[in-house]
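Chemist: One-letter residues, chain by chain:
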Amino acid sequence: MSIEAHSITKSFGTFEALRSVNLDVKEGELVALLGPSGSGKTTLLRIIAGLEFADAGNVLFDGEDATERSARDRRVGFVFQHYALFRHMSVFENVAFGLRVRPRRDRPAKREIDERVHELLRLVQLDGMSQRLPSQLSGGQRQRVALARALAVRPRVLLLDEPFGALDSRVRKDLRRWLRELHDELHITSVFVTHDQEEALELADRVVVMNQGRIEQVGTPEQVYHEPATRFVYEFLGDVNIFRERSEDPRHGGIYVRPHCVDITRQPGGAGTMSARVQRVHVAGPTVKVELVTDIGDLVQAEISQQQQRHLVLAREDQVFVRPVESRAFDEDYSI
Amino acid sequence: MGLLRTRRSVLPGFGLTLGFTVIYLSLLILIPLAGLFVKSASLTGAEFLAAVGSPRALAAYRLSFGASFAAAATNAGFGLLVAWVLVRYRFPGRGVVDALVDLPFALPTAVAGITLTTLLAKNGWLGRYLEPLGISVAYTPLGITVALVFIGLPFVVRTVQPVLQDLEPELEEAAASLGANRFETFRRVLFPTLWPALVTGFALAFARSLGEYGSVVFISGNMPMKTEIAPLLIVTQLEQYEYGAATAIAAVLLVLSFVLLLGINAFQRYGTRRLAGAGTSS
Amino acid sequence: MTSAPAQPDWTLAPATPPRATSAITDPPWVRVLLIGVALAFLGLFLVLPLVTVFAQAFSKGIGVYVDAITDPMALAAMRLTLLVAAVSVPINAVFGIAAAWAIAKFEFRGKSLLIALIDLPFAVSPVVSGLIFVLLFGAQGLVGPWLIEHGVRIIFAVPGILLATTFITFPFVARELIPLMQEQGTDEEEAAVSLGASGFQVFRRVTLPNVSLGLLYGIVLLNARAMGEFGAVSVVSGHIRGQTNTMPLHVEILYNEYQGAAAFAVASLLALLAVVTLIVKRGLEWRMGRASRAI
Numbered sequence: 003m004s005i006e007a008h009s010i011t012k013s014f015g016t017f018e019a020l021r022s023v024n025l026d027v028k029e030g031e032l033v034a035l036l037g038p039s040g041s042g043k044t045t046l047l048r049i050i051a052g053l054e055f056a057d058a059g060n061v062l063f064d065g066e067d068a069t070e071r072s073a074r075d076r077r078v079g080f081v082f083q084h085y086a087l088f089r090h091m092s093v094f095e096n097v098a099f100g101l102r103v104r105p106r107r108d109r110p111a112k113r114e115i116d117e118r119v120h121e122l123l124r125l126v127q128l129d130g131m132s133q134r135l136p137s138q139l140s141g142g143q144r145q146r147v148a149l150a151r152a153l154a155v156r157p158r159v160l161l162l163d164e165p166f167g168a169l170d171s172r173v174r175k176d177l178r179r180w181l182r183e184l185h186d187e188l189h190i191t192s193v194f195v196t197h198d199q200e201e202a203l204e205l206a207d208r209v210v211v212m213n214q215g216r217i218e219q220v221g222t223p224e225q226v227y228h229e230p231a232t233r234f235v236y237e238f239l240g241d242v243n244i245f246r247e248r249s250e251d252p253r254h255g256g257i258y259v260r261p262h263c264v265d266i267t268r269q270p271g272g273a274g275t276m277s278a279r280v281q282r283v284h285v286a287g288p289t290v291k292v293e294l295v296t297d298i299g300d301l302v303q304a305e306i307s308q309q310q311q312r313h314l315v316l317a318r319e320d321q322v323f324v325r326p327v328e329s330r331a332f333d334e335d336y337s338i
Numbered sequence: 053m054g055l056l057r058t059r060r061s062v063l064p065g066f067g068l069t070l071g072f073t074v075i076y077l078s079l080l081i082l083i084p085l086a087g088l089f090v091k092s093a094s095l096t097g098a099e100f101l102a103a104v105g106s107p108r109a110l111a112a113y114r115l116s117f118g119a120s121f122a123a124a125a126t127n128a129g130f131g132l133l134v135a136w137v138l139v140r141y142r143f144p145g146r147g148v149v150d151a152l153v154d155l156p157f158a159l160p161t162a163v164a165g166i167t168l169t170t171l172l173a174k175n176g177w178l179g180r181y182l183e184p185l186g187i188s189v190a191y192t193p194l195g196i197t198v199a200l201v202f203i204g205l206p207f208v209v210r211t212v213q214p215v216l217q218d219l220e221p222e223l224e225e226a227a228a229s230l231g232a233n234r235f236e237t238f239r240r241v242l243f244p245t246l247w248p249a250l251v252t253g254f255a256l257a258f259a260r261s262l263g264e265y266g267s268v269v270f271i272s273g274n275m276p277m278k279t280e281i282a283p284l285l286i287v288t289q290l291e292q293y294e295y296g297a298a299t300a301i302a303a304v305l306l307v308l309s310f311v312l313l314l315g316i317n318a319f320q321r322y323g324t325r326r327l328a329g330a331g332t333s334s
Numbered sequence: 002m003t004s005a006p007a008q009p010d011w012t013l014a015p016a017t018p019p020r021a022t023s024a025i026t027d028p029p030w031v032r033v034l035l036i037g038v039a040l041a042f043l044g045l046f047l048v049l050p051l052v053t054v055f056a057q058a059f060s061k062g063i064g065v066y067v068d069a070i071t072d073p074m075a076l077a078a079m080r081l082t083l084l085v086a087a088v089s090v091p092i093n094a095v096f097g098i099a100a101a102w103a104i105a106k107f108e109f110r111g112k113s114l115l116i117a118l119i120d121l122p123f124a125v126s127p128v129v130s131g132l133i134f135v136l137l138f139g140a141q142g143l144v145g146p147w148l149i150e151h152g153v154r155i156i157f158a159v160p161g162i163l164l165a166t167t168f169i170t171f172p173f174v175a176r177e178l179i180p181l182m183q184e185q186g187t188d189e190e191e192a193a194v195s196l197g198a199s200g201f202q203v204f205r206r207v208t209l210p211n212v213s214l215g216l217l218y219g220i221v222l223l224n225a226r227a228m229g230e231f232g233a234v235s236v237v238s239g240h241i242r243g244q245t246n247t248m249p250l251h252v253e254i255l256y257n258e259y260q261g262a263a264a265f266a267v268a269s270l271l272a273l274l275a276v277v278t279l280i281v282k283r284g285l286e287w288r289m290g291r292a293s294r295a296i
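Chains as they are written, first to last, in this note's numbering: chain A, 3 to 338; chain B, 53 to 334; chain C, 2 to 296.
Check before you lean on any hint, since a few could be wrong.
To be verified - Output of the computed footprint for chain C on chain B, the stretches with three or more beta carbons under 8 Å from beta carbons of chain C:
1. 81-91
2. 102-114
3. 133-139
4. 178-191
5. 243-251
6. 296-303
Stated by the list, open to error - Far from chain A, some chain B residues (derived; all Cβ distances over 10 Å):
7. Gly65
8. Ala98
9. Phe117
10. Ala125
11. Leu194
12. Leu216
13. Glu222
14. Asn233
15. Gly273
16. Tyr322
As the list claims (entries may be wrong) - Beta-carbon label-pair distances, calculated as ranges:
17. Ile75(B) x Gln141(C): 22 to 32 Å
18. Pro276(B) x Leu49(C): 42 to 52 Å
19. Ala93(B) x Gln214(A): 52 to 62 Å
20. Phe235(B) x Gly40(A): 13 to 23 Å
21. Pro28(C) x Pro107(B): 50 to 60 Å
22. Arg242(C) x Ala93(B): 48 to 58 Å
23. Met275(B) x His151(C): 38 to 48 Å
These are computed hints drawn from the structure, not numbers from a lab.
All residues carry an ideal CB built from backbone N, CA and C; glycine is no exception.
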């Protein structure tokens with residue numbers, strides 16, 4: 003099922019959460035809403051789900067206006083940030099809930115419900131735990147129950163609100179991979195909210211970068227990372243250095259360079275080279291992070307491979323030369 | 053309903069539950085309460101003042117206030133002690149004692165009243181020891197105070213206990229590491245933290261004591277001008293069909309209690325705000 | 002948009018004293034002294050009266066005790082007390098649930114006023130509470146004469162007692178459920194709605210089980226108060242033996258007639274109720290995993 007959101011506007015009191023936002027999600031896509039807190043991403047998700055109502059704008063499912071439909075009637079599966087499992091119900095009862103509350107004529111028979119629940123528990127690899135209570139599960143397990151519960155009613159859309167936010171990083175990485183595999187298998191249109199750019203880039207078919215109630219850019223992970231449309235997108239997705247020319251107005255945007263795109267040499271390079279002094283060198287896993295200060299006082303963070311360091315042998319107080327290899331400039335309006 | 057709600061919610065039942073709540077409250081509280089003030093208003097100003105300011109009424113207020121204050125103060129001191137002992141120390145029967153603190157809440161006031169009177173009368177189990185010492189308890193203001201101490205006992209304990217429970221040991225450890233002995237630590241570090249809860253508990257006990265009837269009416273002897281508390285005065289006026297006077301005194305008592313309650317609520321809010329961010333965790 | 006914090010674990014054991022280290026442990030003599038004084042105080046003010054009730058009840062022998070509690074007037078008083086509880090408990094429980102649902106799950110103007118109003122009976126002297134019903138429904142009251150004309154007696158009759166007691170006790174369940182529901186937030190209910198549950202299904206399947214212990218707790222407190230109320234009932238009842246006397250009023254009458262042992266006999270039943278209430282309250286508190294707090 004495709005989702006369209008047209009001109010969605012929403013305020014909470016004086017706080018403008020969403021300003022005339024437009025979104026287009028194609029059938030079967032896995033889309034990430036990425037942004038810092040306060041960017042409106044969760045609000046947008048909840049409006050799509052029908053858990054909030056927009057002040058203005060429309061939500062369409064498969065071209066049909068669903069704006070006034072209640073959450074109950076939208077057949078969306080929603081996975082909450084803190085799982086919202088029914089604490090007094092077992093895993094089985096949690097997953098079966100959506101099927102049991104159907105009006106009598108739509109309700110499947112008990113045996114059917116049983117089968118469906120067990121099918122889903124197998125899918126999320128929790129089959130042996132159907133009698134446990136949520137309090138007896140780990141965070142990762144609870145998340146999977148929440149997912150199974152949302153999938154039980156065969157939703158047309160799956161919406162996930164910071165699904166892995168409350169988990170530690172090892173579990174998070176595993177679940178990320180698993181979610182992607184699940185999506186590839188089930189092909190349900192899915193939208194998930196995250197503030198973790200690594201997560202968005204790794205999982206999504208398309209990324210929607212949001213900031214202060216507006217969409218900054220929509221594109222594939224490659225597009226938003228390598229071809230950021232705005233300064234915000236560039237800064238939000240990955241570390242950034244800002245290089246200025248010596249004579250430039252300090253208020254000027256400068257050029258944006260990723261740490262791994264900074265070339266460090268002992269001899270002056272071609273055009274664009276600046277001299278700099280090494281402040282700190284430290285090994286970080288597979289790469290070596292170098293902090294330098296240019297002679298006009300700018301801090302530069304560079305990343306080089308271990309091999310390059312073996313060749314250069316950089317150390318504190320060394321005078322070297324830096325040159326941006328790949329960079330980006332933005333025609334931004336200046337704030338006054 | 054759109055005017056009333058500040059945020060449209062997805063959960064159902066707002067109209068139903070709020071409607072029922074408001075209707076129930078109106079029928080049960082607001083209308084009868086309005087009746088009280090309407091009736092008071094039917095008295096002329098002079099009548100009102102005469103009823104409210106008569107020597108007997110003034111004596112009753114003095115007694116009610118004085119005894120309630122004394123009882124609440126006693127409870128503040130002992131209540132703090134009891135709360136401390138229950139939270140900090142372990143001893144056999146602690147659980148039972150902790151549960152017993154709620155007895156004045158659970159026991160009907162009339163039962164408390166006759167029991168205390170029996171205990172403290174001249175030939176009662178306690179009274180017989182106090183009488184030779186010249187201390188008359190039953191049928192005196194002292195007796196009233198004792199009954200009010202019983203009634204108010206749980207208030208201070210239960211308001212202070214949670215605060216004591218949530219205290220982080222780190223505060224005291226810091227004080228100790230800086231050289232303070234236990235008493236100084238209590239005085240300078242712990243007591244200021246407990247103070248708001250203590251005041252709240254005191255005020256709650258005080259408010260409760262002001263209106264107390266059942267446990268006091270037996271031990272007081274109800275002598276006008278001497279041991280007649282305000283609630284009893286109201287009842288006496290009622291029995292003599294002096295509805296006007298009864299209403300006037302009741303209205304005054306009601307307004308005072310209400311002011312006290314609002315004051316307590318405001319103070320509680322002020323207290324929690326003040327202590328937020330006080331240190332280790334909030 | 003914020004979600005509720007991690008759900009509290011209701012299966013925790015009651016809080017234990019903070020870990021004691023040598024730096025902050027009081028010296029033994031201090032402990033003994035403080036415990037001693039506290040226990041003496043409590044013993045004097047709590048244990049002694051409780052023991053006295055039963056001692057006095059049996060002071061003239063078991064015969065008198067049994068007579069006192071099987072006396073027809075006493076039985077009538079017990080029936081009335083039970084009736085009062087049977088009426089005020091369910092009705093106030095329903096109110097408490099409705100009020101807590103409205104307050105905890107929705108945002109609306111005037112919420113704090115509503116909450117303050119719910120606390121009202123705690124601010125009012127029981128005598129004043131009784132008085133306001135007399136002023137409304139009594140023979141010289143606002144609507145009393147009209148009602149009496151039509152054969153409806155409220156004051157000095159059972160309805161007045163029911164009304165006064167319901168007034169006195171209505172905050173108990175609400176005050177228990179409101180913070181509980183507020184703490185639990187709306188996440189689970191929203192999840193239920195998103196899964197297709199109707200309003201009633203959400204309430205019955207999700208909310209009610211989550212607050213069942215709190216509800217029971219409030220009901221236990223409500224019941225104790227309803228059965229033991231004296232001041233308000235005294236004002237509205239007219240003390241008509243056999244008809245408008247609840248157990249506390251019956252105790253008063255017996256005591257004033259110098260039938261001390263009989264009075265204490267009936268009182269002992271109420272004291273027993275109080276003890277049972279304390280035990281159940283304690284048990285529920287332990288199940289709910291939190292420290293005792295003031296009602």
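Chemist: If a hint holds in the structure, say so; if it does not, say that too.
Modeler: Here's how the hints hold up against the structure:
1. 81-91: holds (count 9)
2. 102-114: violated (count 0)
3. 133-139: With 6 residues close enough to chain C, the hint holds.
4. 178-191: violated (count 1)
5. 243-251: violated (count 0)
6. 296-303: holds (count 3)
7. Gly65: For glycine 65(B), whose nearest Cβ neighbour in chain A is about 13 Å away, the distance exceeds 10 Å, so it holds.
8. Ala98: holds, 51 Å
9. Phe117: Per Cβ check, phenylalanine 117(B) is outside 10 Å of chain A; nearest 44 Å; holds.
10. Ala125: Non-interface label on alanine 125(B) holds, nearest chain A Cβ at 44 Å vs cutoff 10 Å.
11. Leu194: Fine: 52 Å to the nearest Cβ keeps leucine 194(B) off the interface.
12. Leu216: holds, 28 Å
13. Glu222: About 26 Å separates glutamate 222(B) from the closest Cβ of chain A, which puts it past 10 Å; holds.
14. Asn233: At roughly 43 Å from the nearest Cβ of chain A, asparagine 233(B) sits farther out than 10 Å, so the non-interface label holds.
15. Gly273: Holds, since 54 Å exceeds 10 Å.
16. Tyr322: Label holds. Min Cβ-Cβ 25 Å, cutoff 10 Å.
17. Ile75(B) x Gln141(C): 22 to 32 Å: holds, 27 Å
18. Pro276(B) x Leu49(C): 42 to 52 Å: violated, 31 Å
19. Ala93(B) x Gln214(A): 52 to 62 Å: holds, 57 Å
20. Phe235(B) x Gly40(A): 13 to 23 Å: violated, 49 Å
21. Pro28(C) x Pro107(B): 50 to 60 Å: holds, 54 Å
22. Arg242(C) x Ala93(B): 48 to 58 Å: violated, 36 Å
23. Met275(B) x His151(C): 38 to 48 Å: holds, 42 Å
Of the numbered hints listed earlier, those contradicted by the structure are 2, 4, 5, 18, 20, 22.
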